[in-house]
Every structure is written in structure tokens, then in C-alpha cells.
Amino acid sequence: MKLFILILISLAVLNGASYDQAIGQVQDQLASFEYKVKDWQVDLENEPKEEVPTTVNLNVDFASQAPLANWDLPYQEACEEAALIQAYYYFNNKKLTNELMDKEIIEVVEWEKQKFGLYSDTELVEVEIMAKEYFNLDVKIVEQVEVDLMKKYLSQGYLILIPTAGRELGNPNYTEPGPLYHFLVIRGYDRNEFITNDVGTRKGDGYKYKYQTIIEAIHDLPLKTDGQPFRPYDELVEDDEKEKKMLKGSKRVLLVKGILDN
2 MKLFILILIS LAVLNGASYD QAIGQVQDQL ASFEYKVKDW QVDLENEPKE EVPTTVNLNV
62 DFASQAPLAN WDLPYQEACE EAALIQAYYY FNNKKLTNEL MDKEIIEVVE WEKQKFGLYS
122 DTELVEVEIM AKEYFNLDVK IVEQVEVDLM KKYLSQGYLI LIPTAGRELG NPNYTEPGPL
182 YHFLVIRGYD RNEFITNDVG TRKGDGYKYK YQTIIEAIHD LPLKTDGQPF RPYDELVEDD
242 EKEKKMLKGS KRVLLVKGIL DN
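With the numbering used here applied, the sequence shown covers 2 to 263.
Rather than coming from a laboratory, the hints here were simulated on the basis of the structure. Keep in mind the model is a prediction, meaning the values are calculated, not measured. Accuracy of the hints is not assured; some may be wrong.
Now the in silico label distances, taken between C-beta atoms and shown as ranges [stated by the list, open to error]:
{"#": "1", "residue 1": "K209", "residue 2": "N93", "range": "20 to 30 Å"}
{"#": "2", "residue 1": "N193", "residue 2": "G158", "range": "17 to 27 Å"}
{"#": "3", "residue 1": "L59", "residue 2": "E239", "range": "22 to 32 Å"}
{"#": "4", "residue 1": "K104", "residue 2": "G259", "range": "34 to 44 Å"}
{"#": "5", "residue 1": "G207", "residue 2": "E147", "range": "20 to 30 Å"}
Where a beta carbon is used, it is the ideal one built from N, C-alpha and C, also for glycine.
Starting from the given sequences, assemble the full structure and let the hints guide the process.
Below you can see the structure in the form of C-alpha cells.
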């Protein structure tokens, strides 16, 4: 700023003004600039904010990640897949049943083994790949995790898939102590809560969580020192240590906009 003022004074002197005249001209210009800035600030403050509906609840069919009540592998670790399957059926206007969910999980797990060389907890980037390449979904990773922005996306008809440190959700329907890493679908909101399809429980259809609970629980898989994802299911450390580690994961979500154009 000081350099800017010195340049203005120098220009005024070069144009024939005395030093005192130059100072006066610069003061007038700065005062005019400050007035304009205040006007711009007022305009921005008075700019109408984009309104969203009070309530949104998209009609997404529900089936849990253990649709036939079998919690052995692969269903035990199938929350990411189950969330994507619900999004796929929603945007393709297909009816989802427990039997179809079971079939879809088995098939996508086999694809994952071929694609990633393993079947375990999957980080958001891997879920994004699965969404695009297997399910043909139009998705985007969003790093900005805010209630108002998420409500805006939902009001536009998008779904939001969220990775979480599952025990932060505090869902009483989980088998204690709850999942270390968990994925669910946000399908809407009301005045105080997000409306989800929580695939981790058979009672997850339209399950509601407080806004702040969701925001605080969102964590992608953290990275280890070698840059690889920390996959709780595979790590040979105590659960307490895994739980702490999960809280270090990045806050980001997967926005699902629809079906990719072929």
C-alpha cells in the first residue's frame, strides 16, 4: 500500500504538481477509492442469498449392506458398495430390493478385486473410480464440507455419499461399539437434521442425524507415512488406536449428480 501511494505521488509530481499538491491529489484519490470499496461491501451484504427449500427428501430406495441379514464378508465391509448401489438405482429410476442389493454387492466386490487387487475399506478416490467406471455415475469429490452447501446440492436433486469415522455417528442401532469406517447416503434434510439412508442397519431407511453430528463424523480414510490409505479392517493395531487414527482423515464427500453421458 505504501509503495502504491509513493507511485501516485511520483506520477503527480511528474505531471507538474508541487509536492503539496501531489499529496492532496493522492489523498482525494484514496478517499474516493475507500468510498467505492464501502459501496461494494454494502452491495455484497445486500445481495440476495440463494434460497433453498425448508425440507428436501429424495425418494431413494433403501436396502442395507447385509440385505439378507448375513453380516459375514463381504457384507461386513460393503457399506461403500451399498451406498453406490442405492445411488445407481435412484438415478436410473430402478426399483431396489434386498435380493437385488445382495446380487449387486457380490458382483461389484469381484470387480473391485480385479481393479484394486484387494477387497477392503476403500478411500474416497477409490469410491469415485468405482462410481465412474463400474456404475457410470457422474460424481465429484467435494472438499468443502458445510451444512448450507450440502443443503444446496440436495435441493438441486444431487445425492451426497459420505465417508465417516463411524463411531462418531452414535447410531444406537449399530452393533456395539459401531463401525470404525462407515459410508452412508445423504438424501435430504429438514430444519435440524440430514436425512440419510444408513446402510449399516436395517433401520437405516430415512435415518436422521443432526447437522453437526454429520459434519463432525465426516472423515475419509487417513493416509499412512508411505502415502497408502489406512484401512482399519486390515491394520493390526488395537481398535482404540484405529478409532483415533480415523479422526485424522480428510473431510470430503462424494457428490453424485446423475448418470454419465455415453
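Beta-carbon spacing of N193 to G158 - inside the hinted bounds 17 to 27 Å or not: Since the Cβ atoms of N193 and G158 sit about 22 Å apart, the hinted range of 17 to 27 Å holds.
N93 and K209 - C-beta distance against the hinted 20 to 30 Å: holds, 26 Å
G207 versus E147 beta-carbon gap, inside 20 to 30 Å or not: Holds: the Cβ-Cβ distance is about 23 Å, inside 20 to 30 Å.
Status of the given 22 to 32 Å range, CB of E239 versus CB of L59: Violated, since L59 and E239 (Cβ atoms, about 39 Å apart) do not stay within the stated range.
Outcome for the supplied range 34 to 44 Å, where the beta carbon pair is K104 and G259: violated, 23 Å
Figure legend: structure checked against the earlier numbered hints; hints not met, in rising order: 3 and 4.
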